[in-house]
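Trainee: Chain by chain, the residues:
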Amino acid sequence: MPPDAARSRPLNVRIALGFAAALAILFAIGVDSYRSMLGVVEDARRVAHTHEVLSTTSTLYGDLVYTQSSRRGYVLTGDEDQARRAGVAAAAVRRHMQDLRRLTADNPGHQARLDRLEPLAAGWLAQVEESIERRRRTPGDRETQAAMTVAGSQAADEIRARLGMMADAERALLAGREARAQAGVRRSKWVIVIGSAAACLLVGVMSLLLHRESVQRGRAEEDLRRSEALYRTVLSQFPNGSVLLFDHDLRYRLAEGAGLAQVGLSKEALEGRTIWECLPAETCAIIEPYYRAALEGRPTTFDTTFRGVDRSVYVSPVRGSDGRVTYGLLVTQDITERKQVEGHVRRLNTELERKVAEADAANKELEAFSYSVSHDLRAPIRHINGFVDLLQRHSAAVLDETARRHLGTIARASRHMGQLIDDLLAFSRTGRGELARGRIALGPLVQGVIDELRPETEGRVVEWKVDGLPEVSGDPALLRVVFTNLVGNAVKYTRPRPQAVIEIGQAAGRSDEVVMFVRDNGVGFDMQYADKLFGVFQRLHRSDEFEGTGIGLATVRRIVRRHGGRTWAESSVGGGATFYVALPAGEDQGGLT
Amino acid sequence: MTELNRILLAEDNEHDVELTLDALAENHLANEVVVVRDGAEALDYLYRRGSYRLREEGNPVVVLLDLKMPKVDGLEVLRQIKQDERLRQVPVVMLTSSREESDLVASYRLGVNAYVVKPVEFSRFVEAVRRLGVFWAVINEAPPGSVRKGQ
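Chains as they are written, first to last, in our numbering: chain R, 1 to 593; chain X, 1 to 151.
The following block holds chain X by itself, in its conformation from the complex:
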């Protein structure tokens, strides 16, 4: 783990945030996790506007997106990311409680890069987050313009 990268986590539930951050920390992947608490905030971050207008440039190497969020839901955030020329290449992973086929179909139709259902058992959740983090933040070669720590 010589190189850690920035992950954007969009999740409205504080318990989920805590558990996810713990799981990432467990796997030493949490150094660069930006947490936003709804879809609007996630878009603000990505577009560097609102409270994020002063943030440094660069896209996260992966966006972990919850489906059900206040204001703007996960599917809408996904749609906007995949429709925007500059954001399209950012990998988006749905990290959700929903196993509903309609959510799956809608997500893939909008161009999601992965869809992960959070396991109930925490140990398996930790394992899933670990694999996700390792894959997207370390193994996967991020598109140009992504922020990598140490660059």
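Bound-form chain R, shown alone:
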């Protein structure tokens, strides 16, 4: 039922009530007209009756006059024919009197009048008959006859008068009846006119309402059709998958989606058919439990491969407004690509895990190697140095100058070897292990480094300019290694200067970096070798000029890079050098690796 049912129902009721009212009015008009017609018929009958009464009265009147004149003729002429006529007329009077009595049986006024008229008429008729008898018996008795004529005339006048009264009463009755009948007809006319008008109006209004209702319904149906077309369109475009609706018979009621064709199915092949009618038996055996579960109210999700297509399937119950499961809804999604990607990711992960394992193994090997270097390699060097020293001390007397010089060379070489090993170990350590994280005030750290280098600056003039060093984030021990190397280099390469000036501070830089610099007025270097400077074992000076292993700046670069920063240098030959260290700014330690 459409949602606007609640609104349209009163309209329906209103229309039905309207038509019922119109019908009732028409029925009432009919009843009234019938009754009015009956009234008219009755009135006509009554009018006819009145006319009959009047006619009878009039006839009686005539008979009366005829009787009188016939008697008189006989009395005057003795003509027996006249006497017979008088007899016939008298009989007519009597008969008509009876007629009148019968006609006016329903009228008490007339009956009362007849009650008086009848004896009068009987007396008069008797007198007429006596007069005729007497004339026959005594034709000469004129006086008696004259007297009888006078008396008869008086009686006849009275009878006539009374009949006239009756006729007048009847006429009055007739006028009243006619007026009543006309009023009834008028009323009926109005009832019909007004009633018909009302009924017409009602029918008109109802028709209007009906029309509107039908227009509305039409529009609702149009909307419904359009919305169905819309969702059909949407579902048919359902990408990479399909949407199926099935009922309790496992019959597909709806099948849409671009994914149907991918597995060789179609909307036409599915809709209206049960799963057993349109799918292979083994597929039905697999899916039936899921369909049943959905119809029992339990949604399920599973991945399956159907006709070579990996699909993710979601089966869920569709409930009616009463909460009962009416349909099952099945939504499938093609996940072939996802599966492939997943497989690829899995392979990559396996690869990565293998590589990590390899890297771990390599790291372990490296650790074992550096342990070896640290312990086993240093021992022979130490021994060489130790025994050379013993030789120099205990056997110096038996050795000539050249031998002693050679011994000195061996001792220096072994020392250098020891230093190389120690530096290499330090360099290797900077690349391994976790970075400690913390905020470090570089000012005190650099001051500590300078204090440590005091023995090296003994007897030299060194001007230190340390100012404005910031607080940075990083590993304190490793950052100390950075500045030990940089400041140590500055001290080393200013050695030829009568007055060394070493400046350490913060430089301007990008907003996401904190840049520190170490500047000296030492021998400097040629900028074309600036790239080599930070490489392992790369040196720009001969060992007999400046001692060193060529590992210090490589260590600096590696530590700074591990902090997410960068290093560079500026210099010119003889013009001093400036080394820069840029570390990521802010509390964020994201740059640390």
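Hint data in this document are derived by calculation from the structure and do not stem from the laboratory. Because the structure is a prediction, the values reported are computed rather than measured. Among the hints, erroneous ones may be present.
What the hints assert, rightly or not - Subject to a maximum C-alpha distance of 35 Å in a straight line, what follows is the list of computed DSBU-like cross-link-like pairs (lysine-lysine):
#1 X:K68 with X:K82
#2 R:K267 with R:K339
#3 X:K71 with X:K82
#4 R:K492 with R:K465
#5 R:K532 with R:K364
#6 X:K82 with R:K532
#7 R:K492 with R:K532
#8 R:K364 with X:K68
#9 X:K82 with R:K364
#10 R:K532 with R:K355
#11 X:K68 with R:K355
#12 R:K355 with R:K339
What the hints assert, rightly or not - Residues of chain X placed beyond 10 Å of chain R at every Cβ, according to the derived structure:
#13 E32
#14 V34
#15 Y47
#16 R55
#17 E57
#18 S97
#19 A114
#20 F125
Stated by the list, open to error - Computed spacing ranges between beta-carbons, pair by pair:
#21 X:H15 with R:R354: 42 to 48 Å
#22 R:P455 with X:L104: 20 to 26 Å
#23 X:R109 with R:E434: 14 to 20 Å
#24 R:V341 with X:L104: 45 to 51 Å
#25 X:H15 with R:G438: 38 to 44 Å
#26 X:Q83 with R:W464: 48 to 54 Å
#27 R:A359 with X:E141: 49 to 55 Å
#28 R:V341 with X:Y108: 22 to 28 Å
#29 R:W464 with X:E141: 42 to 48 Å
#30 R:G535 with X:L104: 28 to 34 Å
#31 R:E547 with X:L104: 24 to 30 Å
#32 R:P455 with X:S51: 44 to 50 Å
#33 R:A357 with X:E76: 28 to 34 Å
#34 X:E141 with R:R354: 55 to 61 Å
Even glycine gets a Cβ: it sits at the ideal position worked out from N, Cα and C.
Chain R is fixed; fit chain X onto it per the hints.
Mentor: This is chain X only, laid out in the frame that chain R set:
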């Protein structure tokens, strides 16, 4: 140097033994150095068993222990010393070539009393041994039960 005390040196490398003894001699500290050549021997000595079951009583004033030794390594010897009620108080100094942090951490975790990395340069090695000997054998007051010469 009126009073010299017994030092136990556990070191498998003969060159190191010779250099260490020379350094101790240089500083006149070598009179009472017992040298053992691996960890097992060091434990035998400390527990007076095996070839040392007949040795006189008393613990050395300090044990100089190399880390890498055959049979039982330095860390294991240290662990056993520090776990034993009677030996726990004997000072143990690691005298080793290793600068590895893992060795340092393990040693201190087991309760080592000092950790000394042998310098490559012999003169500095001599200096280190001298300081060690002077400190543990002379300056430091050894725990009761230690063998002091002349007692």
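Trainee: Each hint needs a verdict: does it hold in this structure or not?
Mentor: Hints, one by one, checked against the model:
1. X:K68 with X:K82: Holds, at about 18 Å.
2. R:K267 with R:K339: Measuring from Cα to Cα gives roughly 26 Å; hence the hint holds.
3. X:K71 with X:K82: At roughly 19 Å apart (the allowed maximum being 35 Å), K82 of chain X and K71 of chain X satisfy the hint.
4. R:K492 with R:K465: holds, 17 Å
5. R:K532 with R:K364: holds, 29 Å
6. X:K82 with R:K532: violated, 51 Å
7. R:K492 with R:K532: holds, 19 Å
8. R:K364 with X:K68: Holds - the C-alpha atoms of K68 of chain X and K364 of chain R are around 18 Å apart, at most 35 Å.
9. X:K82 with R:K364: holds, 29 Å
10. R:K532 with R:K355: Cα-Cα ~31 Å, so holds.
11. X:K68 with R:K355: holds, 32 Å
12. R:K355 with R:K339: holds, 24 Å
13. E32: Consistent with the label, E32 of chain X stays out of reach of chain R, its closest Cβ about 22 Å off (over 10 Å).
14. V34: Consistent with the label, V34 of chain X stays out of reach of chain R, its closest Cβ about 21 Å off (over 10 Å).
15. Y47: holds, 27 Å
16. R55: holds, 29 Å
17. E57: holds, 35 Å
18. S97: violated, 5 Å
19. A114: Holds, because the least Cβ-Cβ distance between A114 of chain X and chain R comes to about 18 Å, which exceeds 10 Å.
20. F125: violated, 6 Å
21. X:H15 with R:R354: 42 to 48 Å: holds, 44 Å
22. R:P455 with X:L104: 20 to 26 Å: This hint holds: roughly 25 Å between Cβ atoms.
23. X:R109 with R:E434: 14 to 20 Å: Hint holds: Cβ distance 18 Å, inside 14 to 20 Å.
24. R:V341 with X:L104: 45 to 51 Å: holds, 48 Å
25. X:H15 with R:G438: 38 to 44 Å: holds, 43 Å
26. X:Q83 with R:W464: 48 to 54 Å: holds, 51 Å
27. R:A359 with X:E141: 49 to 55 Å: holds, 51 Å
28. R:V341 with X:Y108: 22 to 28 Å: violated, 51 Å
29. R:W464 with X:E141: 42 to 48 Å: At 44 Å between Cβs, range holds.
30. R:G535 with X:L104: 28 to 34 Å: About 30 Å separates the Cβ atoms of G535 of chain R and L104 of chain X, which means 28 to 34 Å holds.
31. R:E547 with X:L104: 24 to 30 Å: holds, 28 Å
32. R:P455 with X:S51: 44 to 50 Å: holds, 48 Å
33. R:A357 with X:E76: 28 to 34 Å: Holds, since A357 of chain R and E76 of chain X (Cβ atoms, about 30 Å apart) stay within the stated range.
34. X:E141 with R:R354: 55 to 61 Å: This hint holds: roughly 59 Å between Cβ atoms.
The structure fails to meet hints 6, 18, 20 and 28 from the earlier list, while all remaining hints are met.
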